[in-house]
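Visitor: Sequence:
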Amino acid sequence: MTNFRYVPFYPLARLLYLAATNGGLGFRNAHIFVAFVFRYILFEPLRLLELLLFERKILKHQVTEPPIFVLGHWRSGTTQLQHLLASDENHAPTSLYQFLFIDHFILSESWLKGKRQGEGPI
1 MTNFRYVPFY PLARLLYLAA TNGGLGFRNA HIFVAFVFRY ILFEPLRLLE
51 LLLFERKILK HQVTEPPIFV LGHWRSGTTQ LQHLLASDEN HAPTSLYQFL
101 FIDHFILSES WLKGKRQGEG PI
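112 is the number that this note's numbering gives to position 112 of the sequence shown; each next residue is one higher, with no gaps.
Heads up, a few of these hints could be off.
[As the list claims (entries may be wrong)] What follows is a list of derived Cβ distance ranges for each label pair:
1. V37 with F4: 17 to 25 Å
2. S108 with Y10: 14 to 22 Å
3. Y10 with A35: 16 to 24 Å
4. F99 with L25: 19 to 27 Å
5. E65 with F27: 45 to 53 Å
6. F9 with F69: 27 to 35 Å
7. F36 with N3: 20 to 28 Å
8. Y10 with R56: 15 to 23 Å
9. Y17 with G77: 33 to 41 Å
10. E65 with V34: 34 to 42 Å
FYI, nobody ran anything at the bench for these hints, they're computed from the structure.
On a predicted model such as this, the values are computed, not experimentally measured, just so you know.
In this text, a Cβ means the ideal position worked out from N, Cα and C, and glycines have one as well.
Go ahead and model the full structure; you've got the sequences and the hints to work with.
Guide: Dropping the structure here:
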């Protein structure tokens, strides 16, 4: 089986394939599609570099405790629960940057440390 993670621009090719095979795009959502296309083009070098530098360490990492996922309905207190969990030193919260740039945050997040406004889980 081929490891598609190493294929250059694979996320972009997958996005285009999904758009083509699922009925295309509506005009109202075209701006979102264009934003994702630019995102994948701009950050592809970082994605590949992070794979080359960190994939072995990521695959060797052993998760000792099961993760906690906070799911809930809008306005039900999920953000407050995330902040409470983040204040406990036994839990490692995920930042908004890590959510948005999951394919290269290990490599690029440290560059922006001084530029972030707040320190919080979201």
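Visitor: Against each hint, give a clear statement of whether it holds in the structure.
Guide: These are the hints, each one checked on the structure:
Between V37 and F4, the C-beta spacing of about 18 Å keeps the proposed range 17 to 25 Å intact. Evaluation of the 14 to 22 Å hint for S108 and Y10 yields a pass: the beta carbon distance comes to about 19 Å. Between Y10 and A35 the CB atoms are about 19 Å apart, so this pair conforms to the stated range of 16 to 24 Å. In this structure the supplied range 19 to 27 Å holds for F99 paired with L25, their Cβ-Cβ distance being about 24 Å.
Taken as a hint, the range 45 to 53 Å holds for the pair E65 and F27, whose Cβ atoms sit roughly 46 Å apart. In this structure the hint that F9 and F69 lie 27 to 35 Å apart at CB holds, the actual value being about 30 Å. Checked against the given bound of 20 to 28 Å, the beta carbons of F36 and N3, roughly 23 Å apart, stay inside it. For Y10 paired with R56, a C-beta distance near 19 Å keeps the hint of 15 to 23 Å intact.
Taking the beta carbon of each, Y17 and G77 are about 38 Å apart, inside 33 to 41 Å as hinted. The given range of 34 to 42 Å is respected by E65 and V34, whose C-beta atoms sit roughly 40 Å from each other.
Checked against the numbered hints given earlier, this structure breaks none of them.
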